[in-house]
Amino acid sequence: MAKTPDDRRLELLQGTLDLLILRTLQWGPQHGHGIGQAIRGNSEDLLKVETGSLYPALHRLEKAGWLKSEWGTSEANQRAKFYRLTATGKAQLSREQDRWSQLVYAIGRVLNPRATGEE
Amino acid sequence: MRPNQHDLDEEIRGHLAISVQERIARGEDAESARLAALKEFGNVLLTRDSMRRVWHARWLDAAAALGRDMRVGLRSLSRAKGLAITVVVTLALGIGANAAIFSVVRGVLLRPLVNRGEDRLVYIRQSAPGVGAANSTFSVPEIVDLRAAVSSIDAFGEFSTIDFTLIGFGEPRAVKAGVVDGSYFEVMGLRPVLGRLLAPSDDGPNAAGAVVLTYRFWTTALDSDPTVVGRAIGLGARTATVVGVLEPSVPYPADTEIIANIVTSPHHLGATMVTMRTHRMTELFGRLRPGASIEEARAELRAAHAAMMSSHPDAYPEKAETQLSVTPLRDQITAPARPVLLLLLVAAALVFVIACSNVANLILARSVRREGELAVRAALGATHGELRRTLLAESLVLCGFGALLGVILARPMVSVVAQFAARFSVRALEVTVDGTLLWVGAGLAMAAAVLLAFVPRLPSAHAPTGLALASGSVRMTPGTSRRLRVFATAQIAFSFVLLAGAATLLATLIAVQTAPTGYDMRRVLAVDLPMPTLGLGSPDEMNFYQQVTERIGSLPGVDGVALGNVVPWRDSEGSFGGTVSFAVEGQTPTDGEAPPRARLRVVTPGFFDVLGVPIVAGRDFTEDDRRRSEPVVIVSRRLAQQLFPDGDALNRTMWWTDPYFGKPVPRRIVGVAADVDDVNLVRDVAMTVYHPLQQMWVTGRLFVRASGDPYALVPPITRIIRDLSATQAVERAATLEDVRLEVLAPERLNAFVLAGFAGVALLIAVVGVAGVLAFGVSARTREFGVRLAVGSTPRELLLGILSEGTRIVAVGIAAGAVAAYAFAAVAGAFVASVQLPGVLPVIAAALILAGAAVAASLMPAARASRVDVLQALRSE
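Protein sequence lines, in the order shown, are assigned to chains W and G. Quick note on numbering: this note's numbering labels position 93 of the first sequence as 93, and the sequence is numbered without any gaps. Quick note on numbering: this note's numbering labels position 643 of the second sequence as 643, and the sequence is numbered without any gaps.
Don't take each hint at face value.
[Stated by the list, open to error] Quick look at which bits of chain W chain G covers, simulated, 3 or more residues with Cβ under 8 Å:
| no. | segment |
| --- | --- |
| 1 | 22-35 |
| 2 | 39-52 |
| 3 | 76-84 |
[Said to hold, decoys possible] To list a few chain G residues with every Cβ distance to chain W over 10 Å, as calculated:
| no. | residue |
| --- | --- |
| 4 | L35 |
| 5 | G67 |
| 6 | A232 |
| 7 | V346 |
| 8 | P794 |
| 9 | A819 |
| 10 | L847 |
No wet-lab data here; the hints were simulated from the structure. All residues carry an ideal CB built from backbone N, CA and C; glycine is no exception.
Same shape as in the complex, but just chain G (with noise of 0.2 Å):
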């Protein structure tokens, strides 16, 4: 059994008894015989302490100093509430943000996809650079050539998507599907939680419609109902039955709620998708052949599609300039987020390293304080290894609660940046507050507790000023002050770096929020009503919209009732976000030359009007702009301008060129409507070409002008369109304003984030300017004294104290500025997106910063001017 200090004691205790008694049996006196024990004992602390040592290695007795040092150190710092809870705010900001965006970084970019075989899964993409195609996917006739080509590649999946009307679960709502084949969850190595997967004997015009749910859609829309297997849904107007329910996973290309077998999608057995090479809406993977290199699957990818080109010659023009990549599916996920999440990462950094100096400032101001104490341990015969240990316990102690406030703020932290992440990789959606944020924080808080500790400069016992400064005055040496300057410009520059990239976006923002539309956008309310079925116009259905806008027409407070096909900016990314080639009468391209392109809409009359754009020329399509009439189409203003620069772009003719319209149908130009972009949020001008409705028939986007609050109309409106047909969704409602909100909420998030690190990097700065200098004027107390006592006045020394910050600011902000446009040259030439900042938002950032520095330095500067002369001139 371990001994302690009292068992030690009794038993040197018990041994010079005996002795002395040993002794007295002999015949010595009392006193005589206690000294001799005594004497022959030796020294009875030394033997002690070699006893304990038996017992207690070194290590333990420093540790356990060390903790007592901690309690002194807690005790001390309870005394200095102010500074304690500055450090402790500011480590914790710095060690929680780099905790969240370590979590996401690690989320997204490090682990494994959970797809079996993840190292031999590869994404085949085709892209058209020259037409402004980063990816134009493939068509089925493309994938058939392909895949009897190559060898290194064993099995190849298909996906596309599109978009159904689920009728089963609940009131009927538009899904975003995807369609793949048979082999296509066997390619990507996924399992179900539940059922199973699709197959090959789910592919073909006569397999049972078949449907998978996600993971996500499963537990989000129907609280994982366990019996969901075997059900029978409505896809629009085929049946299919729910055969399982897919694990968690990436969802890649995109994240759809359900995946249902080919047969599930007319479009997708139709001639147009079977035979047309140039209907491309299929995303393909595959899987290495065990032994394949990637690189060899590349080679033989690339040679096949170039001989597919050669030999259809007309589907690949030469200006496209289609080509193949192939990449191993995970760098594919995840290319896009890494550059913005390193960027995120060297902005956590730069919070950390303004913390820190803040922090560093701070503990050296107070050991400066604590000089005196210092000096009278080491004079006593403290080691400089005990004062460092004195040191790094009250460091230990900040760091402590500071890592402790880090990790607690960086679980909201984490949500946010894999929010923000989102946008990048869809991985982000998956990431977790995790162990290894615990981890990153305490690694994080005691690199700083070590740092910190050797920050400040301990006294030497021979040098006679140490013991002067033990009568508890406070002097501050030129190093002393020159680092503390140095900290704090520093902290100014970086706070810099990052105040003036938040202002840049900021600033974009700004201009893109409250750029003209050239819509109506706060009276215009748009409406989804997903057709069941694509542009097939049957007469039913037309009915349907027609009497949809009839009786909408009628309800109070309707000033104006148009379907379209397109909601502005929330729909740009689907099949409509592109151009097709068309040709004009009167213009022959010269060979060579790329056809002009435009974008296609489909509108009812008096959409125009609803949405508050102009007609500059001809008139509105109208009711007789029917199916067997005659073609008419009303182009956009800069259409008009560029094909018909004489200036009469009315009754001339169009026609599509793009094959997928089959023959070439003259249309006749009726009118001229003003310029929107309906793509883009900065706004760009682009060709237009509308049609009627009843010649083209594509909607599914209703729009309604109100005269008073437009949301009030959506459950008049719901119920009209529920009374016409019970499996009609009816989604998505909301004012053209808060579409463009909604569609903005990505950037907003960006620049709330990055503003978020500015801000606290801001906040950080300015308490160690004013730290700085409310420690110079308290160290130069008796100075100001005397300088009152031979006639200065407060004016003066306040002046003096405001330019000293002011210096440090203007130091800091030049530093910053430098280091700024550096590095946003450097980041520019790796990311495409990261642009020199404007001159206005960095003058703005600058403006802040050095108000609020200069504001900060107003309070020790009033307290210099305040000095009490006969108080600073005894002080000392």
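With the rest of the complex left out, here is chain W (with noise of 0.2 Å):
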């Protein structure tokens, strides 16, 4: 089966989607089409997240206890799994942002080393 190349983009974007994926849902409840959109126009269409792996990454962050899920109806009057962030979510969410800052700091440091502080 043709799962492996799959497999590996998830695996890459992993830590990444759930920040996103986090963070969208800080605005309030939504559900995977939204947050799909809502994150291609907030990165003004640089990012486009794969259906194949938002949903799974949405049913993982369930599974941890950091999403919850409940049917509701779109603005168009369509059934459709609404995502809410829970409590332990919100404290992950910001867990998560404190490693990305890190992240890019550190990444930022190692390509440009000169430059100091932020950019």
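Taking the hints as your guide, dock the two standalone chains into a single complex.
Here's what the structure looks like:
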């Protein structure tokens, strides 16, 4: 089965994708399609999340207890599953944000050794 | 909450719908919006699978698939009922036998004793191999010497056995009692469940009689009566108080019903017991001092024993080779059972191997039939793992049922095997069916299932023959056929080992059972009338026996009455099993030569007539051979021939030289009786000396010769004795024939257990051979069709299959014979009682096996000869 390339990409994206999902849900409950659109819109179309990665990630986060899901209806009156951030999810978000900043800082230092402080 | 398949589908459908709505809102037409949304989404199934995988681990899926496969297996097996039932029963027998044996092995050999600190408990034994005494026990002076000389043992406990007539619990009855000193229970580390046990304050001639009941006696004879403590009971002429009930524990060295303090036994207080060094009847136990090793204790005790022997040379004749052994109590208790149980374990393992190879055969044959199905599945993309899983599911179903049935079968088997093992170790009496049984059963079933799943070869998806087989026809490859034959041959070989063993055992048993004994077996009734005291010969007592004889003799249907002191075979274990040294007139043993020894028996006039033993010379005892008249004896023919080779033993004299008898009394030989053996079941010729009761005063066994049914005499006999004495026990009435059967019961159980194993093995092997041949026939239907078409007769086909079966059997038996002799030789090296089987039983076993197997191959052979030519040729 042709799983392997997908899996690898998922692996690479995993940490970031989780962060993006959690951040997106900070503005309120949203369904999968909406989350995908929001990430795309907020990144000015630079980031396009594959549904094949998005949905498994949503379920993984729900299983971890960071999200909670319930059925609802979209603005256009379409039945959809809405995800919402839980309290532990919020804590996780701030942890991930910190880690991301550190990562960016560290990588920045490595790529540009003479620059000081933030860009 | 864990989403189900439907939730996942709904979620994806919602996504697509929203996506389509948005596109339409942007102005796309419905059809292209739908396509674009689908395109953007990508692989729907794959995404759904990934979502599912978040919640369901891979092994859970595999387990679910295995469950599905098992359901499929169950259905497909229900179509092959014959095969399924054969496999389940075969496995059940194999698993049941192993689980049962293992329970007993665990209970007897591995479990610790209940005694506190059992690792410091030792058993001390004196033996005299030179005179055939494996356990000569100790006398009181010997114990005093040993106690004084040893420091590595904290405390000693003394135990001896005596028969009491117990009065106070219903009818008077003879009980086997242990007589112990006050430190015995402390040394053994035993506790009471009720009341107290015996303590040092119960020692000495002035203590009150005190009795402890064993747990078994309390629960079985007294219904666990909680008020029993404090009850006064009579022990023969003395009285005692029940002070407590002992916790359940291994009764060793003797399985007694009560345990009393020394004061209850007049004999234990007598001068003979206390002062005579050769009056040995006490077993000795010790508790190691903390920190002392058993080697230390052994060395110390042996040194003390050697010193004792050199200072009393008269009590330890050189020829006796008296020696001392010290063993941990647990080893002592389990030692005799170990080789027997291990042999049984081997037998059970053989049955399991036979069962597994038979089942493997059946499964192999079945999987060959399924090769077509498997090939199709392989071609459609099933992996090897998935195919194995299918096979495993099926074998799990089979083995699961097999194990279930096996565990059910194991329960009754445990009790049979435990009874069997009880002969070698009293611990077997407390073996119960427990949880281990289930674990062993389940473990064996799993092992079998996994093995069976890996027996068949999987079809390769690439091999072109794979699909050709999918047409549903069966063709046997040479490899498969060879494997089938190897399994069948192995079964025959292993079954032969078991069958030959069982046949040998049965042959021995039959020989013992049918051997002439020299007694009139059917018409003589033996009854125990235990004497209240031992050998005092009070006029009252003699009068009692005199009256018993007279009044029973006048009953209708009684041809004769006599008294003796030994019921043949039944009493051979007791104090009269041994022999006593004596001398005869005209023979002075040369220095260093051992004095002759004979059995001592006490009888009343008429004894020989009643038991049907002819007097070959001289006369029987008469009423005139009494207390104050001339001492006389009758000797056995063997004694007469051996000590008076010139031919005339009559009117010569003999006297006992054992110090127990004090000053030698010469006794005149007045008769010679035919040889009988009342000790060994396999008749041996031994020297025996008979005394008249009036001159030796030891009796307690009544013999009645009946003209009709002997058992019809039991009620009137009991009534007469009750009339004469309300406290006299009357017990164990049985004809000599039944006594012998009863004594032989362990041997019969022995043969029964092994014959059971052999029967199971035979059954399995026969099923195996028939199965292999039947499969061969059905796989070769086309070949037979062709052969019939070109002119073979059905008879030729039938003979061909039969000869194939015979070949398997012949090779199997040859291999089995080699294995059996090798096994017997190896076992013989470790266990003295294993002998190489005789030729006759082995041949009988071979014939039985060959006959059964050939008969089993008749059915498939007949089928081969009935093949319908047209149908066979059209079948492919």
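We went through each hint and held it up to the structure:
no.: 1; hint: 22-35; verdict: holds (count 4)
no.: 2; hint: 39-52; verdict: holds (count 3)
no.: 3; hint: 76-84; verdict: holds (count 5)
no.: 4; hint: L35; verdict: holds (15 Å)
no.: 5; hint: G67; verdict: holds (23 Å)
no.: 6; hint: A232; verdict: holds (76 Å)
no.: 7; hint: V346; verdict: holds (51 Å)
no.: 8; hint: P794; verdict: holds (56 Å)
no.: 9; hint: A819; verdict: holds (52 Å)
no.: 10; hint: L847; verdict: holds (62 Å)
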